[in-house]
Amino acid sequence: MPRVRVAFHKILQNTQNYHSFDKKADHMVSTLFFSLEVGGRHYQDLRVEIRHPFGTDFKSEPVEVAKPVGSYVGPWNHAAFRDLCEKCYRKAVGAEGSGIRITGGKDIRMWDNIIGVTFSGEFEVPESGAESW
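Okay, so the sequence shown: first residue is 0 according to numbering that gives the first Met the number 0, each after it adds one.
Think of the hints as simulated: they come from the structure by calculation, not from any bench.
Heads up, a few of these hints could be off.
To be verified - Derived pair list, reagent style DSS-like, types lysine-lysine, alpha-carbon separation capped at 27 Å:
#	residue 1	residue 2
1	Lys90	Lys58
2	Lys66	Lys86
3	Lys86	Lys58
4	Lys9	Lys86
5	Lys66	Lys9
6	Lys9	Lys58
To be verified - Per label pair, the in silico range of CB-to-CB distance:
#	residue 1	residue 2	range
7	Gly39	Ser59	15 to 23 Å
8	Gly69	Thr117	13 to 21 Å
9	Arg2	Arg46	30 to 38 Å
10	Glu63	Glu95	32 to 40 Å
11	Arg46	Arg89	27 to 35 Å
Built from N, CA and C at the ideal position, the CB exists for glycine as well.
Please put together the full structure from these sequences, using the hints given.
Now the structure itself:
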């Protein structure tokens, strides 16, 4: 099975409300910028939107990951990609965040933050006939 290598470069934290006074207002929308290497070919300038819908708990609920945007067309493993996106974001933002560390606090609102990241990972994709974006 072919392997895909993903290298994340930047996060645009579009908006995030954390521990709001009104829990229904808690949410997050961010864009991850990345590149891919598949079968010796490189794909640059790719991006994907990730989010926590309004009213969800950032610490305990998984991140939703949209369909990536970019030039790659081929076999894909969205579940494995989603896991990498979530690990990248949580490594940069949250209790253990290297970009924005959140510990305690109430009614935290963040928007339009750009965080440079160096995070990569790999996953397998089927030879053919698999989901593609």
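Hints and how they fare:
A threshold of 27 Å between alpha carbons decides the hint, and for Lys90 with Lys58 the separation of about 12 Å falls inside it, so the pair holds. Restraint check: the Cα-Cα separation between Lys66 and Lys86 comes to about 17 Å, which is no more than 27 Å; the hinted pair holds. Under the criterion of a C-alpha separation no larger than 27 Å, the hint pairing Lys86 with Lys58 is consistent with the structure, at around 12 Å. Distance check on the hinted pair: Lys9 and Lys86 sit about 14 Å apart at the alpha-carbon level, within 27 Å; holds.
Restraint check for Lys66 and Lys9: satisfied, since their Cα atoms lie roughly 17 Å apart, inside the 27 Å limit. Distance hint between Lys9 and Lys58 is fulfilled; the C-alpha atoms sit about 21 Å from each other, no more than 27 Å. About 40 Å separates the C-beta atoms of Gly39 and Ser59, a value inconsistent with the hinted range of 15 to 23 Å. Taking the beta carbon of each, Gly69 and Thr117 are about 19 Å apart, inside 13 to 21 Å as hinted.
Taken as a hint, the range 30 to 38 Å is violated for the pair Arg2 and Arg46, whose Cβ atoms sit roughly 21 Å apart. Against the hinted window of 32 to 40 Å, the Cβ-Cβ separation of Glu63 and Glu95 comes to about 21 Å, which falls outside the hint. In this structure the supplied range 27 to 35 Å is violated for Arg46 paired with Arg89, their Cβ-Cβ distance being about 18 Å.
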